[in-house]
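Peer 1: Letter by letter, the chains look like this.
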Amino acid sequence: MSINWQKILTPILGLAVFAILWEALVWYMGWPTFKMAAPSDIWPAFLRFQPLFYEYGWQTLWRTVVGLGLAVVVGTLLGMIMGLSRVMNDALYPLLVGFNAIPKATVVPVVALMFVGQHDFNTILVAFMISFFPIAVSVAIGLSTLEPEYRDILRSLGASRFTVFWKIALPKTLPEFFGALKVAVTLAFIGTNLVEIITPHGRGLGHLFQSAQINSDFPLMFAVLIALAILGIVLYYVVVALERIFAGWAERSPT
Amino acid sequence: MENLIEIKGVTHAYKTKAGPLPVLDDLNIAIPEGKFCAVVGPSGCGKSTLTRLIAGLMFPDTGEVWLHGQIVKSPRKTVGMAFQNPVLLEWRTILQNVVLPLEIVAPGMPKRQKEARAMELLALVGLEGFEHKRPSELSGGMRQRASLCRSLVHKPEVLILDEPFGALDAFTREDLWQTMHELRAEEPFTGLLITHDLRESVYLADQVVVLSGRPATTQYVMDIPMPSPRPINMLYEPDAVEKLARLRREIEIAQGRVPAEGGA
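Chains as they are written, first to last, in the UniProt record's numbering: chain A, 1 to 255; chain B, 1 to 264.
These aren't lab readings, by the way, just hints derived from the structure by calculation.
Some hints could be false.
What the hints assert, rightly or not - The following label-pair restraints were derived from C-beta to C-beta distances:
| hint | chain 1 | residue 1 | chain 2 | residue 2 | range |
| --- | --- | --- | --- | --- | --- |
| 1 | B | Gly44 | A | Met114 | 42 to 50 Å |
| 2 | B | Arg112 | A | Val238 | 33 to 41 Å |
| 3 | A | Pro148 | B | Lys133 | 21 to 29 Å |
| 4 | A | Ser144 | B | Thr16 | 19 to 27 Å |
| 5 | B | Gly44 | A | Gly232 | 51 to 59 Å |
| 6 | B | Pro231 | A | Ile3 | 51 to 59 Å |
| 7 | A | Phe246 | B | Lys155 | 28 to 36 Å |
| 8 | B | Lys133 | A | Ile20 | 42 to 50 Å |
| 9 | B | Thr16 | A | Thr145 | 15 to 23 Å |
| 10 | B | Ala167 | A | Glu23 | 31 to 39 Å |
| 11 | B | Pro110 | A | Phe115 | 18 to 26 Å |
| 12 | A | Gly232 | B | Glu186 | 53 to 61 Å |
C-beta: ideal position from N, C-alpha, C; glycine also.
The task is simple: from the sequences and hints, build the whole structure.
Peer 2: Put into C-alpha cells, the structure is as follows:
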C-alpha cells in the first residue's frame, strides 16, 4: 500500500503554521505568560513535568475510553429500542432530551456525593452520561428511517425480524453511528475533565491543570490544554480508522 | 392451464384516523402459470397493496389470494420482488447483493454455488465484469438490472415487479424491457408487473388488467396474444396502437374523466 504523504503532511504543516503564528503574536504583543503562553514556553513546561503528563494522560485516556465504550453499548441499545418501537420512541425521547439538557457540570457534584470516593467510577459515569445521547439518537433515526422496501425484500422470503435487522438495518445505520461517535468522542473528554477539575481526586490531566492553576504555573496550564487536544485528536482518528474499516462503503470515491 | 396466481374477490381497507380507507374492492385477477400480467390503473389505486398481498406481507380483509393452489397465509420463499427503487445494499458488492435472497432461502448452499448462480444471471442481463463493483459505482439502469437478478436468483415461481422501470430514462427503459423478455426465455416464472406505462404493459405482458380508481376493482382485462420475446417494433403495428388506444380510454374511465360506455 502506498502512503499518501500529502494527506499526512498537510495537517502537520497546518499545525506548524498555527504554532508559528501563535508564537509570533505573543512575541509581537509582548504578552506575559499569565496572559498568553507561547509555544516556546509550553514545551519546557511539558518537559519539566513529562512523567506526570504520561501518567495523568493515561488515566484521563482510559477513563474516557471506558466511558465512551459504555456510551456506545447503552446508546446503541437505547437507539435500537427507540428505532424499532414507535411507542418506546415516544416514551423515551422527552426523557433523553431533558437528561441531555442538564449541564453536566451541575451533575458532577451530585454524582460525587452519590458515590463518595469512587473516583474512577464517577469519572467514567460522567463521561458516559455526556456522550451517549448523540449515539442513541442517531441509531434510532437510522433504524426508524429504513425504507420499507429494504425490509420487504427479505420479509417476502420469510426472513425473521432479527435477520432483517442483522443483514440490513444494522449495517445501514453504521454511517450515522460513526458520525455520532465522532461527536461523542470529544464530549466524553469533556466529561472526564469536568470530573477531574471539579472534584479534587488528584488524578488525570484535569488535576494537573488544577494544580498548575493553584501554583500560577501558566505555561503548564497551556501545556495541559495542548495535551488534552492531542489526546482528543488521537481518539478521533481512531474512530475515523474504525469507520474506514466498518463503514468505508459509505465514502464516495472522489471522481 | 392452471392459474398460478388467483386473486378472488379481494377487499382491503387501511385503518386511518378518519375511519377505514378502502383501497381494493372485490378485485379478481387470474394469472396462468408462466404468463406475465401487467396491472395498470390511476395513481394511488392500491396497486402496491396488491403486490404486498401476493407476497404475503399483508392479508386481505375479505376474499382470498391463491398461489399455486394454496391460500397465502404468510410470506413464502417462492416469491421474488423488485421495486422502482432498486434498494441495493450499498455495503455489498453487486454479486453479494444478488446472492442475498439465497442466504435466506438456501442458507446451507455452498457459497461458491450461490455465487455461480448469481453470476449466471448477471451475465444474462449484461452485468458481467461489474460483479465486484458497489451499487454507487453503477448507473441507474445497471442497478435496476442487478435488482432484477436479485429478485430471480432463488428461482421464484412468482416475480412481482412494482414499477421497476419507472425511474429510468426512455432508452434505458426499452433496453430493460428487452432484458425482461430475455429473462423470461431463460428463467421460467409467472410475473405480475405494476406499471403506469401502457406501452410497457403491451410490450411485456400476456394480459393487461386495468384497475378502477380507489377503491380498485377489476375494470377491464385485455389479452395480448403475442409470443415472447417480441420485437420492440410491434408497438408501432396497427394492432398494438389500437390496443394502446383502448387501454388509454379505460384509464380515462378509471380516472373518472369519461363515462363508461353505455353509462350515464
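Peer 1: Could you run down the list of hints and mark each one as holding or not?
Peer 2: Right, here's what the structure says about each hint:
no.: 1; hint: B/Gly44 to A/Met114: 42 to 50 Å; in the structure: violated (57 Å)
no.: 2; hint: B/Arg112 to A/Val238: 33 to 41 Å; in the structure: holds (37 Å)
no.: 3; hint: A/Pro148 to B/Lys133: 21 to 29 Å; in the structure: holds (26 Å)
no.: 4; hint: A/Ser144 to B/Thr16: 19 to 27 Å; in the structure: holds (20 Å)
no.: 5; hint: B/Gly44 to A/Gly232: 51 to 59 Å; in the structure: holds (52 Å)
no.: 6; hint: B/Pro231 to A/Ile3: 51 to 59 Å; in the structure: holds (57 Å)
no.: 7; hint: A/Phe246 to B/Lys155: 28 to 36 Å; in the structure: holds (33 Å)
no.: 8; hint: B/Lys133 to A/Ile20: 42 to 50 Å; in the structure: holds (46 Å)
no.: 9; hint: B/Thr16 to A/Thr145: 15 to 23 Å; in the structure: holds (22 Å)
no.: 10; hint: B/Ala167 to A/Glu23: 31 to 39 Å; in the structure: violated (58 Å)
no.: 11; hint: B/Pro110 to A/Phe115: 18 to 26 Å; in the structure: violated (55 Å)
no.: 12; hint: A/Gly232 to B/Glu186: 53 to 61 Å; in the structure: holds (58 Å)
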